[in-house]
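**Q** What follows is the residue order along each chain.
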Amino acid sequence: MYTPPLRALIDELGRLPGIGPKSAQRIAFHLLKVPIEDALRLSDAIVSVKERTTLCARCFNVAEGGELCDVCADDRREATTLCVVEDPRDIVAVERTQQFRGRYHALQGALNPLEGIGPEQLRIKELLVRIEEEGITEVILCTNPNLEGEATAMYLARLLNPFGVTVTRIASGLPVGGDLEYADELTLGRALEGRRLVEP
Amino acid sequence: MSLFRDQGVVLRTYRLGEADRIVVLVTEHHGKVRAVAKGVRRTASKFGARLEPLSHVALLLWQGRSELDIINQAEVIDHFKTIREDLDRVTKGFSLLEVADQLAQERHADKRLYDMLVGALRALSNVERDPLLVAPAFFMKCLVLEGAGPVLDVCASCGEPESAVELVAFDLTEGGALCRRCRRGRPISPEALALVRKILGGSLAEVLANPPPACAEEVAALATDAMEVHLDRRLRSVRSVAGL
Ligand SMILES: [Zn+2]
Ligand SMILES: [Zn+2]
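Going line by line, the protein sequences match chains A and B. Just so you know, we're using my numbering here: the first sequence kicks off at 1056 and counts up by one. Just so you know, we're using my numbering here: the second sequence kicks off at 923 and counts up by one.
Restraint ranges, calculated between C-beta atoms of paired labels, are given here:
id: 1; chain 1: A; residue 1: Thr1192; chain 2: B; residue 2: Asp1154; range: 45 to 55 Å
id: 2; chain 1: B; residue 1: Gly939; chain 2: A; residue 2: Arg1151; range: 18 to 28 Å
id: 3; chain 1: B; residue 1: Lys1033; chain 2: A; residue 2: Arg1107; range: 51 to 61 Å
Chain B regions said to be covered by chain A (calculated; three or more residues, Cβ under 8 Å):
id: 4; segment: 962–971
id: 5; segment: 1003–1013
Far from chain B by the CB rule (all over 12 Å, computed), these chain A residues:
id: 6; residue: Pro1090
id: 7; residue: Ala1094
id: 8; residue: Pro1143
id: 9; residue: Phe1218
id: 10; residue: Thr1221
Because the hints were derived from the structure by calculation, they are not lab data. All C-beta atoms in this analysis are idealised placements derived from N, C-alpha and C, irrespective of residue type, glycine included.
Could you build all of it, start to finish, from the sequences and the hints given here?
**A** Shown next, in the form of structure tokens:
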């Protein structure tokens, strides 16, 4: 039904996260129609990201060609505050807030015992080394507010306790612009716990 | 194609596409169910955190032609907040979910397994009580439910009664407790053997209501071993977080 190269393309696209067989087929037929330059630009982008992008040796953010990442290389960033995230994508999200001036540590995942992901599979040892070597005084635990992310945060808080650093957890609560009546009980309960004084 | 109501415990979830999740539940009347929660990853989703693993929920589901049902509505019966917020309890909670996931069969109701899981989660969420024996007791009771309950009063190999021989070892592949002559597997103390008998002999509530005895760790290790033998696989949740 398909030519072998088309079959191969559909198979490869179908391996990408979030892309099912139907979407893979649709994208493949789209690529068949685009000019060769557009297709080459896409394939070059894929090759160059694989060749030139590595993980930062210090914080495991994405970095270029074996160097430190942009955040680690920027000496205007506060060197004593660390924001711990699961994934480099989360660094992008926190950076967009423009509210954080410290540095990051990307664990490369969260504890997920059901998938066999324990502390050994995450960059936790490296985090502990950084606390001492870099003289960190505050660690912000910015893992996802779900079961795995919370378990990871609790585990890290326990590990970090003997280091005498301030450990904080990001608040979780209601999305700005959302409606209270549609909030689920767990989220609303957390939001209540995290309430704060209103300045008159 | 039809709508149906059921209650269930969320075991696992997977990302699906841009904003959806596949939610795997063990339900009261339909066994293990895989269902799609549409839009659940959007911050404005009507489901919010209701379909997080561990949650005990009441659901309205749509069963179409696909093997995946669709979740229409979800209400929380219990979030087990005290389990989520305690590292020790949550790691034990993970192991309950893993074993339930292994034992539950798709679309095959097993009300006793469901009731035992909900009961174990309730016991684990009780902060007045020590959580150490909750998961081991659940494992042992699951083995009985599976028809793989251990022999405890006679030697599982030679059949000599406890009045005639001392039972000193335990090996589920042999069927349970073993006498000195037949011993294999792990050694078992008389106290641990007595505790396993109590757990399986209808005194579980009493066991869980009291502080765990000195042999509780031994029984916990034995129950994990036995469940791993029965499932013929490692319990990832127990092994990957050992030492947490
Ligand atoms: Zn870096
Ligand atoms: Zn014997």
